[in-house]
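Chain order of the listed sequences is R and E. Under this note's numbering, the residues of the first sequence are numbered 149 to 631, in order. Under this note's numbering, the residues of the second sequence are numbered 149 to 631, in order.
Because identical chains share one entry, a pair is satisfied inside a single copy or across any pair of copies.
In silico DSS-like pairs for lysine-lysine, Cα to Cα no more than 30 Å straight-line:
(1) 312 - 363
(2) 365 - 162
(3) 162 - 268
(4) 162 - 363
(5) 436 - 180
(6) 476 - 186
(7) 557 - 529
(8) 190 - 268
(9) 162 - 436
Keep in mind the hints are simulated off the structure, nothing from the lab.
The chain contents come next:
2 protein chains.
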Amino acid sequence: MAPNPITVDTINPKVLECEYAVRGEIVILAQKLQEELKINPKSHPFDEILYCNIGNPQSLGQKPITFFREVLALCSYTVLLDKAETQGLFSPDSIKRASGILAQIPGRATGAYSHSQGIKGLRDTIAAGIEARDGFSADPNDIFLTDGASPAVHMMMQLLIRSKEDGILCPIPQYPLYSASIALHGGTLVPYYLDEATGWGLEVSELKTQLETAKSKGISVRALVVINPGNPTGQVLAEDNQKQIVDFCKNEGLVLLADEVYQENIYVPDKKFHSFKKVARAMGYGEKDITLVSFQSVSKGYHGECGKRGGYMEITGFAPEIREQIYKLASVNLCSNISGQILASLVMSPPKSGDESYESYSAEKDAILSSLVRRAQQLEKALNGLEGVSCNRAEGAMYLFPRVQLPNKAIEAAKAVNTSPDTFYARRLLNATGIVVVPGSGFGQVPGTWHFRCTILPQEDRIPAIISRLTDFHKGFMDEFRG
Amino acid sequence: MAPNPITVDTINPKVLECEYAVRGEIVILAQKLQEELKINPKSHPFDEILYCNIGNPQSLGQKPITFFREVLALCSYTVLLDKAETQGLFSPDSIKRASGILAQIPGRATGAYSHSQGIKGLRDTIAAGIEARDGFSADPNDIFLTDGASPAVHMMMQLLIRSKEDGILCPIPQYPLYSASIALHGGTLVPYYLDEATGWGLEVSELKTQLETAKSKGISVRALVVINPGNPTGQVLAEDNQKQIVDFCKNEGLVLLADEVYQENIYVPDKKFHSFKKVARAMGYGEKDITLVSFQSVSKGYHGECGKRGGYMEITGFAPEIREQIYKLASVNLCSNISGQILASLVMSPPKSGDESYESYSAEKDAILSSLVRRAQQLEKALNGLEGVSCNRAEGAMYLFPRVQLPNKAIEAAKAVNTSPDTFYARRLLNATGIVVVPGSGFGQVPGTWHFRCTILPQEDRIPAIISRLTDFHKGFMDEFRG
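Isolated chain R, as found in the complex (with noise of 0.2 Å):
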């Protein structure tokens, strides 16, 4: 036996206390299952496994968009522009931002490790996409690179967390990275809930409660993570609504981390992206009065890049020798992957009107995002037609995360196979149906409540067959533990 063995009791205790629901027990089940269904296709009662548990349009048949794929492919293998056969099989304007992309990088080395933040020619795309959706300046020097969001996440906990005693105020719910990224680093959550009855509105009186909660309690509340459109919540927030948020931050002396990866999902005329950085411009305030980091991802939008890992942080408001910090970070690492590096370029600046791919661009970008529109429409109403359950519409991002009050006699059956009862519900579903989704209790909920996320992403096809599964199975599990 060996001295020092490695065992639950020796290994971090953070490690232990992170949890990560999206891709947690219910997920691990399911992938059980469908190896079960590759070795005996009737040993359930469905033929396929259905991941709605997150956001990953590709795996469910969504297709890239062309133009960013043209344009990866020539970066990959460079030699392809020198060959006359190239004009034949891409269009002209990939050709064109390939090499202007290639001429960007020293030695038109996609193989070699960039900058730490980035490709300066890149950020400056970015910066440049940036100015065009806000109409305020963006400065290239203040865009990290990142392999997708989650990193950048993890960079600002490791940066702001010291103890236990540093708090960062998040929503509940939450995406669950950020409680996993605060386990991860030792610091205390501090949690402020959305107002379900209101479409999850965000009340700045609630973030006030919190804070003074938390600073009875001795915390030091060092920054407000705010999710918009929100996720599971999938609501839009109204810019009188960000001023405040805003002025909570300013006033109160936290940095405002603004998770606006979902900027380009929205599916309600009403309702209208603006970044946090545009509306603390808009009030007056620049550098000095604010600090403000803005995650984008290249995993979500229309075109859902998931396995590009590609992503960037806008990071303004904070002083020189903090911002050097932030690099030293960044350099241990030494650099984002290029590919995810190059598309966040191209999502940030998209075809314009003109140029040779734009019809075919916009025309694949209009068909997904009307289909999300539809495909949220029809499972929000189908939700909302179950008894029990109630679902408040997706304004935008990708999920809906209906509330389920679920009988006492189900309840009590978690409890005697001890586990929640959302993930009770959730474990029967995905055994009845072969459905995935993520039970609330992954993203914390009001006490007593019981919800779950699913996401809007299955092919609309699909969503009827969906629908009419769900609604069996719900009605099956109410007539069995109906009181």
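Put chain E on the given structure of chain R with help from the hints.
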């Protein structure tokens, strides 16, 4: 003034403590000089900056391996596989390989998040590559694909380090990712010195001494880092030495963290790479006997695909409940980038004799590796010819790590400007020649000795000019400061 300002006094002190000299002050100065040269090409006594600070072959003109890039391009823009023109543009086996890889990806979706350990089919290929290399079985479920090796190292440090009382045995000199990661995770680096006089020999007696010293200070040592081939030191361990190290870890219950990213970079006929897993298995030790993690990267070897951020770790000897925790850590960041995953599989299963690309692939590979041998020898010889400089041969990896006996007057001059003597030397070298090296203090060295790390990566036709600039500078420096 905000009530909670983010200042160096209020951020995480572990971030402040962490250092990463490979992209530290000398490199930041080099970037500044480069900007100055852009504005005025006559502003310095050289016309370009030569980055010898980092193992980044393609930044210095090394061309990517054609077959690898063909497959990546086809997997990026899969539409190509259905077009007739593609046959004329790509090698037949690259088309076959890309099709095979796509068949292993659910829905052929290279834009989807994969399993958090990486795509199963690619892990199968990598496991087969490890088996072919070692002659011992490898399990795809032991493999975690990561964005380069760095995130894998962080993951293990995060798992193992609970507090300052947990120690990790690291070589001195070491690649500063290790010291940085240990600092960020709040542990203690327990140094063991490599013996410069015996070609950077690794003595188990030194490991034992340092382990006992650490124990006597109340440090619980959890793991041993071995970098083989060495970075920055370039030595290749002898198999007998590796056996002793395996026994040491087994007897002391230490996790063996084997950095094997330079496994393809061997430059001397009398040394061979043996993976620690092969050595352990050949000794008859299985899963129950030793806990071992092997790190591999696509950034090194003959391919040097740093910008792709691909890599993996193979973990063996962990209990199932610890593996679950490692999986959870991986899942919080969802997955590594798919291009990097594909490239990792290619690196572990390149074209074989009989494949259409085999000849051109072999020619590209051999040209790079044989040129690296010549560059290593030329630079080593030149360095050994300088007054007060001694340099061990680079048996492997990508670096030389010469020792410089600096005159007392230079040491005093460094003190006067509040810097270390080796940093003083490196800064003067940069300002005089444009050559960027990393001071030895960034890696650790025996107190009172001074070194620098210089890559062997500039293209071969540039080496004579580099040697001449370096020689002139060194002569001038010694003349200036000689007693």
